[in-house]
Every structure is written in structure tokens, then in C-alpha cells.
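Trainee: Each protein sequence line maps, in turn, to chains A and B.
Taking our numbering, the leading residue of the first sequence gets 2, the next gets one more, and so forth.
Taking our numbering, the leading residue of the second sequence gets 57, the next gets one more, and so forth.
Incorrect hints may have been included.
[As the list claims (entries may be wrong)] Think about it this way: if two alpha-carbon atoms lie no more than 25 angstroms apart in a straight line, the pair counts; the simulated DSS-like pairs of lysine-lysine are:
id, chain 1, residue 1, chain 2, residue 2
1, A, K68, B, K70
2, B, K70, A, K100
3, A, K68, A, K3
4, B, K100, A, K100
5, B, K100, A, K68
6, A, K43, A, K100
7, B, K70, A, K3
8, A, K3, B, K113
9, B, K100, B, K113
10, A, K43, A, K68
11, B, K100, B, K65
12, B, K70, B, K100
13, B, K113, B, K65
14, A, K100, A, K3
15, A, K43, B, K100
16, A, K57, A, K68
17, A, K57, A, K100
These are calculated hints, taken from the structure and not from any lab test.
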Amino acid sequence: QKEVEQNSGPLSVPEGAIASLNCTYSDRGSQSFFWYRQYSGKSPELIMSIYSNGDKEDGRFTAQLNKASQYVSLLIRDSQPSDSATYLCAVLRGSSASKIIFGSGTRLSIRP
Amino acid sequence: NAGVTQTPKFRILKIGQSMTLQCTQDMNHNYMYWYRQDPGMGLKLIYYSVGAGITDKGEVPNGYNVSRSTTEDFPLRLELAAPSQTSVYFCASSYGGRGQTDTQYFGPGTRLTVL
Chain A
2 QKEVEQNSGP LSVPEGAIAS LNCTYSDRGS QSFFWYRQYS GKSPELIMSI YSNGDKEDGR
62 FTAQLNKASQ YVSLLIRDSQ PSDSATYLCA VLRGSSASKI IFGSGTRLSI RP
Chain B
57 NAGVTQTPKF RILKIGQSMT LQCTQDMNHN YMYWYRQDPG MGLKLIYYSV GAGITDKGEV
117 PNGYNVSRST TEDFPLRLEL AAPSQTSVYF CASSYGGRGQ TDTQYFGPGT RLTVL
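With the hints as constraints, model all of the structure from the sequences given.
Mentor: Written out as C-alpha cells, the structure is:
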């Protein structure tokens, strides 16, 4: 079992709809969770971080965390073509920066 | 501020050659990292540093070496390049490495091919 698992996609969503991206992790001791967006040929950029169970909203983005189910998700409302990218889920297993584990990413495509 | 810069952008190496990937940040960040990303995969941590003179191994350190003589620079050295080291290499930096409040800023990447 991979430490951080994501569906590779591609996930195709019509413009204006809600895109839902999911991530599961294996280490129950994980403390912090991150979503990065990576455009093709570019470097990752942080879009959301979440540390407590529940929802965290930032503009069109909502991160959801359920530690009991070891599940974190990212919702993108009113999806735009510019949201088409690969979304990487990352999990911090302890207090050390060295234990940030990245998933392999989900490719999201927003169709006009 | 330029942020995190990396050179070169692209490089082709022959098996057995050596090279150094350069990384510089101008944000006065304490922590710096080197990742590799293989096609369709996530990022794997090679080495990281929590400050000048301090480095430690990440998930995939074999075949690489690093040094951190200044806060700004964190070069990655490849000795005896192998085809398995063909990848995109990203350097990143963050202020304090505290996962809850720390954001990693990534450089543009170096695309390395070993033939």
C-alpha cells in the first residue's frame, strides 16, 4: 500500500461544475496535509493546507480532512479551464520536514 | 525577489559523467530541499537542509550528494550518472520547516536526461 494514494485520473469536469479530488494516506500519525497544483512542465505551488478535521475554505477551494477515515479531499467550485492541472496531495507524517510524502497526483481537465 | 532559482534548465549527461545542479534562494529561508519527479509520479525527497552546514538524507539519497555552505545556496551533486537518474529535479525552500505553518516554494526545475 502506498503511503499517499490518489486516483491518477484524468478527471474531466465541465466548466462551472464542482471538481472533487480525493487522497488517502496510510500513517495514522500524520499531522498536516497539503494540496499542490502543478501545471504541465511547471513546478508545484501550494494552494491549500489543512491540519484539523473538518472543512477549510479559501475562495473557490475547500479542503476536507477526516483523520478517522485517513482521507483528505479538495473541492474546486465553479471550475475554470485554468484549473486544468495535476493536483498533488502531500502529507506530513511527523514534525520533521523530511517526512512530507507526496502522492502521484490527479490530472484534472476542465472542459468548456 | 527572484525566489528560488535553479540552473541549468536542461542537461543531457552520458552514463558515468558527473554534474552539479545549482539552487539559490533569496528569501532568507532556513530550510532547503531537493526533490526528483519521475514522469506521472509525485515528488520524492532526495536531501534536505535545515540551515547552513546541516544536511540530511531524504527518501532517495543514493547517487547524490549535497552541501550547504551558505543560507542561500544548496547544490546537488550527481556522481557517476546512471539512466535511473533521468528525472526532473526541483529545489524548494521554506522558512522554518514547521509543517503546520510552513510553505515550500519551488524552483522551476532542472530536466536531466542520462543516456
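Trainee: State for each hint whether it applies.
Mentor: To see whether the hints hold, each was checked on the structure:
Distance hint between A:K68 and B:K70 is unfulfilled; the C-alpha atoms sit about 46 angstroms from each other, more than 25 angstroms. The hinted pair formed by B:K70 and A:K100 fails the criterion: a straight-line CA distance of about 32 angstroms is larger than 25 angstroms. For the hint linking A:K68 to A:K3, the alpha-carbon distance of about 17 angstroms falls within 25 angstroms, and the restraint holds. Between the alpha carbons of B:K100 and A:K100 the distance comes to roughly 10 angstroms, so the proposed pair stays at or under 25 angstroms and holds.
Restraint check for B:K100 and A:K68: satisfied, since their Cα atoms lie roughly 24 angstroms apart, inside the 25 angstroms limit. Restraint check for A:K43 and A:K100: the C-alpha separation of about 23 angstroms stays at or below 25 angstroms, so the hint holds. Among the hinted pairs, B:K70 with A:K3 is inconsistent with the structure: their alpha-carbon atoms are about 33 angstroms apart, more than 25 angstroms. Proposed proximity of A:K3 and B:K113 is supported: the alpha carbons are some 20 angstroms apart, at most 25 angstroms.
With a C-alpha separation of about 11 angstroms, the suggested pairing of B:K100 with B:K113 holds against the 25 angstroms cut-off. For the hint pairing A:K43 with A:K68, the CA-to-CA distance comes to about 31 angstroms; that exceeds 25 angstroms, so the pair is violated. At roughly 19 angstroms between alpha-carbon atoms, B:K100 and B:K65 fall within 25 angstroms of each other, so this suggested pair holds. Only pairs whose Cα atoms come within 25 angstroms are accepted, and B:K70 paired with B:K100 is accepted, the gap being roughly 23 angstroms.
Between B:K113 and B:K65 the alpha-carbon distance is near 24 angstroms, which keeps this suggested pair within the 25 angstroms criterion. Proposed proximity of A:K100 and A:K3 is supported: the alpha carbons are some 14 angstroms apart, at most 25 angstroms. Taken as a hint, the A:K43 and B:K100 pair is honoured in the structure, with Cα atoms around 16 angstroms apart against an allowance of 25 angstroms. Our distance criterion of 25 angstroms between C-alpha atoms is met by A:K57 and A:K68, whose separation comes to about 14 angstroms.
Distance hint between A:K57 and A:K100 is fulfilled; the C-alpha atoms sit about 23 angstroms from each other, no more than 25 angstroms.
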